[in-house]
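Colleague: Two chains, each in its own frame: build the complex with the hints.
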Amino acid sequence: MATDGLHENETLASLKSEAESLKGKLEEERAKLHDVELHQVAERVEALGQFVMKTRRTLKGHGNKVLCMDWCKDKRRIVSSSQDGKVIVWDSFTTNKEHAVTMPCTWVMACAYAPSGCAIACGGLDNKCSVYPLTFDKNENMAAKKKSVAMHTNYLSACSFTNSDMQILTASGDGTCALWDVESGQLLQSFHGHGADVLCLDLAPSETGNTFVSGGCDKKAMVWDMRSGQCVQAFETHESDINSVRYYPSGDAFASGSDDATCRLYDLRADREVAIYSKESIIFGASSVDFSLSGRLLFAGYNDYTINVWDVLKGSRVSILFGHENRVSTLRVSPDGTAFCSGSWDHTLRTKNYLFVSLQVWA
Amino acid sequence: MAAGPASHGGLRRAQRPHLSKMERMVVSMQDPDQGVKMRSQRLLITVIPHAVTGNDIMEWLIHKYCITEEEALHLGTLLVRHGYLYPLRDPCHLELRLDETPYRFQTPYFWMSTLWPAAELDYAIYLAKKNIRKRGGLFDHEKEHYDQLHRKISHTWDLVVMQAREQLWAAKQRRKGDRLVIACQEQTYWLVNRPPPGVPSVLEQGPERNSCTAGRVQMPTGPFQTKTVDFYRREVECLRKALGRARVKSSVCLEAYLKFSSQRGPHDPIMSGCLPSNPWVTDNDTYWAMNAPSAAVPTRLRVEQWAFSFRELLEDPVGRAHFMDFLSKEFSAENLSFWEACEELRHGGQAQVPALVDAVYQQFLAPGAARWVNIDSRTMERTLVGLGRPHRHVLDDAQLHIYMLMKKDSYPRFLKSDLYKDLLAEAVVPPKTKRRSARWCPGRQAFTRRNRPGSGSRLVTRKRLQEIPAGFSTTAPITLVTQTFVSLKPPGLLLPGRLPELSPGGHRCWGGPPACPGWESAHRLGS
Chain B
1 MATDGLHENE
11 TLASLKSEAE
21 SLKGKLEEER
31 AKLHDVELHQ
41 VAERVEALGQ
51 FVMKTRRTLK
61 GHGNKVLCMD
71 WCKDKRRIVS
81 SSQDGKVIVW
91 DSFTTNKEHA
101 VTMPCTWVMA
111 CAYAPSGCAI
121 ACGGLDNKCS
131 VYPLTFDKNE
141 NMAAKKKSVA
151 MHTNYLSACS
161 FTNSDMQILT
171 ASGDGTCALW
181 DVESGQLLQS
191 FHGHGADVLC
201 LDLAPSETGN
211 TFVSGGCDKK
221 AMVWDMRSGQ
231 CVQAFETHES
241 DINSVRYYPS
251 GDAFASGSDD
261 ATCRLYDLRA
271 DREVAIYSKE
281 SIIFGASSVD
291 FSLSGRLLFA
301 GYNDYTINVW
311 DVLKGSRVSI
321 LFGHENRVST
331 LRVSPDGTAF
341 CSGSWDHTLR
351 TKNYLFVSLQ
361 VWA
Chain W
364 MAAGPASHGG
374 LRRAQRPHLS
384 KMERMVVSMQ
394 DPDQGVKMRS
404 QRLLITVIPH
414 AVTGNDIMEW
424 LIHKYCITEE
434 EALHLGTLLV
444 RHGYLYPLRD
454 PCHLELRLDE
464 TPYRFQTPYF
474 WMSTLWPAAE
484 LDYAIYLAKK
494 NIRKRGGLFD
504 HEKEHYDQLH
514 RKISHTWDLV
524 VMQAREQLWA
534 AKQRRKGDRL
544 VIACQEQTYW
554 LVNRPPPGVP
564 SVLEQGPERN
574 SCTAGRVQMP
584 TGPFQTKTVD
594 FYRREVECLR
604 KALGRARVKS
614 SVCLEAYLKF
624 SSQRGPHDPI
634 MSGCLPSNPW
644 VTDNDTYWAM
654 NAPSAAVPTR
664 LRVEQWAFSF
674 RELLEDPVGR
684 AHFMDFLSKE
694 FSAENLSFWE
704 ACEELRHGGQ
714 AQVPALVDAV
724 YQQFLAPGAA
734 RWVNIDSRTM
744 ERTLVGLGRP
754 HRHVLDDAQL
764 HIYMLMKKDS
774 YPRFLKSDLY
784 KDLLAEAVVP
794 PKTKRRSARW
804 CPGRQAFTRR
814 NRPGSGSRLV
824 TRKRLQEIPA
834 GFSTTAPITL
844 VTQTFVSLKP
854 PGLLLPGRLP
864 ELSPGGHRCW
874 GGPPACPGWE
884 SAHRLGS
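Going down the list, the protein sequences come from chains B and W. Using this note's numbering, you'd call the opening residue of the first sequence number 1 and step up by one each time. Using this note's numbering, you'd call the opening residue of the second sequence number 364 and step up by one each time.
In case anyone wonders, no lab produced these hints; they're calculated from the structure. Virtual Cβ for every residue (Gly too), placed ideally from N, Cα, C. Treat the hints loosely; a few may be bogus.
Claimed, not checked - Computed far set for chain W versus chain B, every beta-carbon distance over 12 angstroms: (1) R405; (2) T409; (3) E433; (4) L461; (5) D485; (6) H518; (7) L531; (8) C547; (9) R557; (10) P570; (11) V592; (12) K604; (13) S640; (14) A729; (15) P775.
As the list claims (entries may be wrong) - Going by beta-carbon spacing under 7 angstroms, a handful of chain B positions derived as facing chain W: (16) L12; (17) E18; (18) A270; (19) D271.
Isolated chain W (complex conformation) (with noise of 0.2 angstroms):
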């Protein structure tokens, strides 16, 4: 049994609400009108009424909920093991059988959800019943579970005996159909509780979940308090700031999704593939090399999506790198730089945040800084207080000035720019790998154009629709496919150095162009 934190009081939570969901499809199931196919089923002598086969309960799902046959068959296992239908005949396994063996629908006695507390005795009882009704009628696994019990509560094996007989005494005065329904309903119902090893119990949960706890407190003698005066207070505060929030309009968000995924689709490599090929399908990852945070000549779609907005270009190494270039061209790099060392302050140690925030003070925001950057004067004002009392956010108000000021102006004069352009000329399209083995399909994706009838009314089992091998679309942009290798001049940069990283002696040294006067001396820290 799943182990977990130990309940509060008491409280039970409410039950899983996937078993009421099958109880009602149960009950749905035995409609006399729109449910299952009943039939009286023929046990030697005995006629058992209300039986249903495997098969009627598949067509019954299939109808009634619009899924394949796979699927059906998944449900309808489910129902079974989780103890909703039982098999009349052997009832050792819970498994929905597609032949002519006979189903009932459990009895809501047993079903999960009354949650019973399934004792040892209780289960004790059973097996003594059992083993006593036939000699060797037990199971391996109840076998030992029989013998546990008897060495475990062997002060009490008289009552379990006592009781055992007594029961099989008061069965044996019904007739020998409901003899016959009422011991395989409990059969199933101890598969459910004691499942054979080998088997997943569908009574397991994981750890316990406490839906009462936060917020609550614990009364010295008695249940939990219901919750406190200040988690009320909160959401009161939450709520009336969620009234005075500004909304925007259904029609602009959802047309903001069509946008994305129409923009995003080329680069979905589930949704489109990817060139030369998915490693994953291939087992080939030239894919992952040539698209490397420090690939020396990007691809066309990355060097494409660089366009989509300003954060994917700065969160890719070699976009941000080409910015960079651009924006000493500009002589406006330390705009950049101060964005990374403020990147750096946020998401860096605590420990480091004095040292850092002294550190971009001394080279970026100190009159007469070597590297100064332009914030408009109320910005500058607040930031030069705060540092006062340095902490991890006391840039924040800066960095986003000089992040919309990149984003507004320099941003889009690097899009229009040549460097842009060329980058984008010069950019590697991969040919689809041409190579195709018996197993895999070079360059496949998820999807497949062809349009395929639904799914058949044939029977297909599982392991079958595996095997069926997946097409892929013949109706990939062309112009991919036949561009080759362009060739390339040499990069006239070398990334390694540009990305921000820190140098081994801790030097603060964010970017920028390698001339810059006197500025890597001037600023090292910890010497």
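Next up, chain B with everything else stripped away, as it sits in the complex (with noise of 0.2 angstroms):
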């Protein structure tokens, strides 16, 4: 198609048109083929009794807001970070701090663990994505060994290290998705084609393992093909920015949480959002999503302080934990299925000058 000046009006114009037609058509197909609706599917499945979980660990020492937190592979050491720059590696089942880097941009809104735990990623306002060595050598300052990865034109909003410590995917406000070779910080694929900020990502847990899903502030839901670079998938049906996307465990859907105070279920294989959850009484957007290991229940942190837990079967709420006293920013069920850990943007005034922010373990 031709580029040229003259006719770009026209090609936009045509092309916009086209694309509005083409997306009534794609959700005309998509309708063809929904014969039945999960609740109804759900009704012989056996409701869940009372649930209670509590909080077993509050990791305290972030001095501002906790932005971020991801599990190691170990199930039990997390990685966060926060508004002030720090990023603290912890073993939350002692909640001994174990290491502690500050970077130097403030709101890291993006920190990941690799899967050997011998590195952590963070990035936000720098636009860049930074992986750090983990050394237990108590003289060797952490920030010395710090490797560049990514560079972005915008913040950094999330990241992931894929199957293994040498590559890292990340989102950034600027639209894009990349994957880095970690190494030598080369660009091995860019993903283009959301409109807006992306604002989260994560991999598929599938055989083949060469796809990942992002979300952004174009509302949109699109899943990627890792070697071509190509959208897959496109799922528009949320009315707000997607905060928070993540896989079903079996890897055939995903979930999302958005602005506008709502989480829904994508299927892949049917193409098309197949639950969602919400209740009018919530109105505060939902930050952060992640399933248990079954599959069966969505935790969703929000932005009015609460955890809402839904079955995903039957689309209802089965529970709401209140635990902090600001917006739940991040939310991650451990490796294994024991815990969850939530983060948020509280802080407690203890004495007049010290503050102190906390994460929360539930199980």
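Modeller: Encoded structure:
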């Protein structure tokens, strides 16, 4: 197709209307095979009993809002990042801090633990994703070994290692996602298609391990092929920014949490939204979602300081957990499903000048 | 205030959805028929109409949204903190009190969504008014702000004082009731916009998100151009492909969820508990020790999980090692080794790609290779051609072929084999921890099977609810509880050596039985 400016207005308008009509056709096609709703199918499933989960650990040490956290594969260590640039690695079972590093920027919105447990990645307003190897040598300065891997043109909103320590996937406020080689910092693949800031991503637990999903401010959730950089599927049913996406454990579906106060489940084989988790009394956006190990429960942290637990199959809310004094910004279930950790913006005024912020582990 | 990237061209984002939802809520609360019960509140000699009490608000919320008291209290508190409701008496803290404290609905003029700039000048005028009206009437933090502003905008301080006096004089013309109400409204507005120390600001939203950036082009002089041609082209192409996609019926997909969660339910610690106990609950990490990645004897649940899917068998190092053993008995271990090598290529560092590809070719694909894998001729041809220009994905086709071969052929036979059956029989089933301390309930899962009645109508505070001890299920599967540790014959495998690790010398040795003739010495890298 011609890219010359002469026909640009024509091409633009006709492309736009073509996109709209194709979207309409796609919705029709998707509706054709939709023969039953999830809650109907789930009618014969036994209802869940009363749900009780309590805070088992409170991790105090961040002086400012906790923005992101990630579990290590050893099921007990976590890395968390905060607004003031501090990134802390904890053994959350003993609540000891094992490593701490201060980033040169504020609002570290993304952090991730490497699969080997030997490194962490983080980034935020510095538009970069940096990898820090974890060393137990007290004399070594962690910041000295920092490796700058990803470079974006706007803030980094999410990052995740792929199956090894060697590659890292990032999402950014510049509207793109990108795959990087950690050793050299080389860009391996970039993913264009979002019309606005990308806020979250999650890797698919699939056999071929080649796809991931991302969600953004354009209200779209897009599934990408990591090899070709192409968008494989796109879903646009949310009414506001998508803050968090997470795959269902089987890899056949994913859930999303959005500022429109709903969480939704999208099935990849049926190619459509199959459930909405919402309640009239929930009016604040969901910032973070994750599934329990069997996929029966969906934990969602909200901006109204609560965590709602949803029955994925029946679509009803199982429980509401109060435990934070400010918005819940991040929530992840541990790798073996024994607990989940929630981080929030809250702080407790102890004495006049001392503030500490909590991360909580629930089981 | 939150820092963030500069906004572009003055384009404002649509107001946050939760604000409009809160506004709809307060509007319906003020409905004459369906809304909250209003009453007139007597304050000394003045009577203020359209007041409500905290209890009324809670009752209304409970009734309208079918929620518990705790949730209603929380929601009501949020409404007050966002300034949509204000207390008529002593409005220095925005909290929802459940006594006879009267509240009123904030005038839309002061709603958060109007996005008034809440400028310094306005704040200065407000503080000056308060100061003039009543000496010593400012709160501590307000006094600090007052002094700060006085220093900062001292050049216009006369204007500030003048405005303050004028507004006070204008207010005197009103009735006492109105004066009181307006003062409360204003006070609430400023408590939201300039919260006292220790109170979280509800205005904070985090770094600014711009829903207008990607795909747009900034014109040299003017606002943003609408989305570029490239963006739409890409979208059209993606949509065209999506239309041609094969879809599955919803009923089939949804049934799969039911099957998945019922199969995995017993493996989900939050749903079904874990044995001997959940480490987070009992502070006892035996569960992790027993399920460590290289545990010598896997637990029953773990061995069962290998039968759920091929992927899960391979993901578990112990499972994979046993599968490798099985394959070597069938003389097809090179398949798994090849697959592992391909994984290493795909997920490895970019710099290692050429060497890895070469190593894999030498060991698995070259004619006469020691561990030649049987790939169909078409895939082999394609792969060999691709090897001319090696990249991370050059072996993807071959890898998939071998993966499917193992999945469809070897894997089912593995599950039926004596090897697997023995593993199941020998697997450990830990007993539930008998020790029960006063604080913790061992092995407790999140769900109690006893049906409790719905939340009572008594008012229960937040703290109290957290103290209610959790019961735990008395209907856990009996079989798991009564079994004890099974005595084990020494495992015939030494697992650590089997894990697909990179040996220190940088050799590429992919698993496989040690008795592989001449393989290791012939294919040493970097020597």
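Colleague: Can you name, in rising order, the numbers of the hints this structure does not satisfy?
Modeller: Violated hints (numbers, rising): 3, 10, 11, 12 and 13; every other hint is consistent with the structure.
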